[in-house]
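Peer 1: In case you want the letters, here they are:
Number of protein chains: 2
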Amino acid sequence: MSNTPWTLAQRAARMNPSIIREILKVTEQPGILSLAGGLPSPDTFPIEAMREATTKVLADTPREALQYASSEGYGPLREWVAATLNARGQRVTADQVLITTGSQQGLDLVGKVLVDAGAPVAVETPTYLGALQAFAPYEPIFTGVAGDHLGPLPEAISQLRHDAPGCRFMYVLPNFQNPTGRVMPEARRQAVVAAAQGINLPLVEDNPYGDLWFDQEPPPSLSSRWAEGTIYLGSFSKVLAPGLRLGYVVAPPALMPKFLQAKQAADLHTPGFNQRVVHEVIRNGFLDQHIPTIRALYKAQRDAMATALQQHLPAGSEWQAPEGGMFFWVRLPAGFHAMALLKSAVAAGVAYVPGEAFYAHQPDVRTMRLSFVTLTPEQIGHAVALLGGVLRKHQTEELQPDTP
Amino acid sequence: MSNTPWTLAQRAARMNPSIIREILKVTEQPGILSLAGGLPSPDTFPIEAMREATTKVLADTPREALQYASSEGYGPLREWVAATLNARGQRVTADQVLITTGSQQGLDLVGKVLVDAGAPVAVETPTYLGALQAFAPYEPIFTGVAGDHLGPLPEAISQLRHDAPGCRFMYVLPNFQNPTGRVMPEARRQAVVAAAQGINLPLVEDNPYGDLWFDQEPPPSLSSRWAEGTIYLGSFSKVLAPGLRLGYVVAPPALMPKFLQAKQAADLHTPGFNQRVVHEVIRNGFLDQHIPTIRALYKAQRDAMATALQQHLPAGSEWQAPEGGMFFWVRLPAGFHAMALLKSAVAAGVAYVPGEAFYAHQPDVRTMRLSFVTLTPEQIGHAVALLGGVLRKHQTEELQPDTP
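From first to last, the protein sequence lines stand for chains A and B.
Sequential numbering from 1428 applies to the first sequence in our numbering.
Sequential numbering from 1428 applies to the second sequence in our numbering.
Careful, some of the hints might be misleading.
To be verified - Here are the simulated EDC-like pairs of lysine to aspartate or glutamate, each with C-alpha atoms no more than 16 Å apart in a straight line:
#	chain 1	residue 1	chain 2	residue 2
1	B	K1770	B	E1475
2	B	K1726	B	E1745
3	B	K1483	A	E1479
4	B	K1726	B	D1791
5	A	K1483	B	E1479
6	A	K1483	B	E1475
7	B	K1483	A	D1522
8	B	K1726	B	D1642
9	A	K1452	B	E1805
10	A	K1726	A	E1745
11	B	K1452	A	E1499
12	A	K1726	A	E1824
13	A	K1770	A	E1449
Claimed, not checked - Simulated restraints on C-beta separations:
#	chain 1	residue 1	chain 2	residue 2	range
14	B	A1440	A	E1644	37 to 43 Å
15	B	A1544	A	H1809	49 to 55 Å
16	A	P1469	B	N1627	47 to 53 Å
17	A	Q1617	B	A1544	39 to 45 Å
18	A	A1742	B	P1684	39 to 45 Å
19	A	R1490	B	A1614	40 to 46 Å
20	A	H1809	B	D1715	45 to 51 Å
21	B	Q1789	A	H1788	56 to 62 Å
22	A	K1483	B	N1443	34 to 40 Å
23	B	P1684	A	H1788	44 to 50 Å
The hints are simulated quantities; they were obtained by calculation from the structure and are not laboratory data.
Values in this document were obtained by computation on a predicted structure and should not be read as measured data.
Where a beta carbon is used, it is the ideal one built from N, C-alpha and C, also for glycine.
All chains should be built: construct the whole structure from the sequences, respecting the hints.
Peer 2: As structure tokens, this is what we get:
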């Protein structure tokens, strides 16, 4: 910043360009088959319902929809959220629901209200990159909690009492986690909540993908087990459309005033027009019909990717077919480095996100995240074949003796 | 927070409920004539144009409008902003424009990128409450810059070198300031920029009201005089509709990467649907026709309030009829306390915002902010008459000897 009068805040050093957004720019080139972005299939966007709802809102309540509105959010939408969660075993009043400008804003508000510089914050290993980015400007010390294919390990949570005393919360994504796709079964949920309660460690539970199950609904939320110790984040991005930027935070009553004040300071309120349009779309059970169509579409895509990975990935690669959500998490055999290979992959016409982006510390460089929701099954087959070709070529070159 | 596992961040102590939003809740009671809120008249909302634009966007580019989008904002809208500012003497490229979720978010990002705990931040005396709220969670030390009816005093700015060394920036609202309604004339703009440059003090220039002039367009922006030392904030809330939450930040190129990263972390991007709809509304010169209708409406309301104040306020009250914007700033005679009188005013059926909310330090308790854009001229006359009654009653009671 030489030769300018500006001084940056210290926290600005903790802000970094999103590797995913950088990769997305590359993959916008025509001809690239992208498995990188977590972009919902636009085939699932309810365009006709949106058209009807915008017409109705602009006919019935245009002045209210276009005026400043309350920071808490549109009352009927808050009521809808509370009723929907309560039908799944939570005990939430509409007063506890804060409508946010996408659930990313919920993460930012969590950081703003709860994180001091130097305070420990626990995250899964690996965890959602956007959460690391939202919390990082508040300068926490991230502590990675070890896990397996079922979620974080309860004993690793208990260990935080010693490893991260004063930890402000653990951020956890129990359903079809981004990036691993894993879902926590009932027994693990019980054990995780018990371990957190045992050390009085609050939970921040993020659930953007919970509705996207293929065969079986996931067990009830962590929040339904420990309401006063859990902040719950939800989103309309994956079940309606992300371009509306609508999410919500459900917080214990004692925290609500500070979340509301933080929200006021951040953007006054989430666009009232969008809130009313979405409420108009969903108020009469639209999602009960709509979400099953998304599940069917994504399940077919998941199957296509499972088949293609089986066919094209080198022996020794590891993955688990996800039971919902949007992502496969692949671990390549020893000797592979997903970030180093990305350039060759893009040159071959396929993109992915190197898994190292999702680690707070000590990344596993052999991992990669593959999204199956943006391309068609046919394109997925083609993309994974291209990827397999790049990986095999690398393997062959590695095995070649040095040129004499 | 006893009996809960939660620990708040230190900055949460600097968050407070907005007094304006608290007052607005009271004034939502039927029968209250409110001069409190800075709510644009819904008569000015371009409902028909919005209807056509939403229909067109959902017909032509529904998938793009409803999908995740770039954090920078919608390209054609950024181009429009740059072209519009350049036509007024700025030298801005679209690359310098970041679309925000209302200009309140622009203020939050300024705080996030530029303010460290304990760093001085200079503000006008009085200043916009929402800016104090946006910056406060980043824990600056606010320094009030003395001013007169033309704006901040250049010598008070120069004095910041001693009074607030290391000051990160001065926040300034040159056009029809909220709350005072004052506009900085050409000579003062030159002197303010020269004083700021003289001590290498960056400026954050907020311009939500600049288009709302009644007789004469205000002089060119501060940013047009010192581009590399000024961040400029703009908004569509006052010329289209606030419920869309669309604003923008124009930052010097060296600062843009950090603003963009802060924006990504805050809410990924501003709703793409809203950006495309607004661009569709304004792309062909709509505002050239539309804004003059807002000016004419607000000017008539300004005139109504000027007449009513002349008629009903107690002798010794001071105000200046604003040449644009949305607010009168009234200073009552000695012995009045605007906050203490609010309860009686609301009981009499009229509301305002006590001026003390707009001071970083040492509020002038005799001041009040009166908005003239929400009520009709007839209602304004009635509201000011009610207010005059409350003030005269107070004056009479003050003059009564104590009951024996």
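Peer 1: If a hint holds in the structure, say so; if it does not, say that too.
Peer 2: Consistency of the hints with the structure:
{"no.": "1", "hint": "B:K1770 to B:E1475", "result": "40 Å, violated"}
{"no.": "2", "hint": "B:K1726 to B:E1745", "result": "20 Å, violated"}
{"no.": "3", "hint": "B:K1483 to A:E1479", "result": "13 Å, holds"}
{"no.": "4", "hint": "B:K1726 to B:D1791", "result": "28 Å, violated"}
{"no.": "5", "hint": "A:K1483 to B:E1479", "result": "13 Å, holds"}
{"no.": "6", "hint": "A:K1483 to B:E1475", "result": "13 Å, holds"}
{"no.": "7", "hint": "B:K1483 to A:D1522", "result": "37 Å, violated"}
{"no.": "8", "hint": "B:K1726 to B:D1642", "result": "9 Å, holds"}
{"no.": "9", "hint": "A:K1452 to B:E1805", "result": "55 Å, violated"}
{"no.": "10", "hint": "A:K1726 to A:E1745", "result": "20 Å, violated"}
{"no.": "11", "hint": "B:K1452 to A:E1499", "result": "12 Å, holds"}
{"no.": "12", "hint": "A:K1726 to A:E1824", "result": "36 Å, violated"}
{"no.": "13", "hint": "A:K1770 to A:E1449", "result": "13 Å, holds"}
{"no.": "14", "hint": "B:A1440 to A:E1644: 37 to 43 Å", "result": "42 Å, holds"}
{"no.": "15", "hint": "B:A1544 to A:H1809: 49 to 55 Å", "result": "53 Å, holds"}
{"no.": "16", "hint": "A:P1469 to B:N1627: 47 to 53 Å", "result": "49 Å, holds"}
{"no.": "17", "hint": "A:Q1617 to B:A1544: 39 to 45 Å", "result": "40 Å, holds"}
{"no.": "18", "hint": "A:A1742 to B:P1684: 39 to 45 Å", "result": "42 Å, holds"}
{"no.": "19", "hint": "A:R1490 to B:A1614: 40 to 46 Å", "result": "41 Å, holds"}
{"no.": "20", "hint": "A:H1809 to B:D1715: 45 to 51 Å", "result": "50 Å, holds"}
{"no.": "21", "hint": "B:Q1789 to A:H1788: 56 to 62 Å", "result": "48 Å, violated"}
{"no.": "22", "hint": "A:K1483 to B:N1443: 34 to 40 Å", "result": "38 Å, holds"}
{"no.": "23", "hint": "B:P1684 to A:H1788: 44 to 50 Å", "result": "24 Å, violated"}
Figure legend: structure checked against the earlier numbered hints; hints not met, in rising order: 1, 2, 4, 7, 9, 10, 12, 21 and 23.
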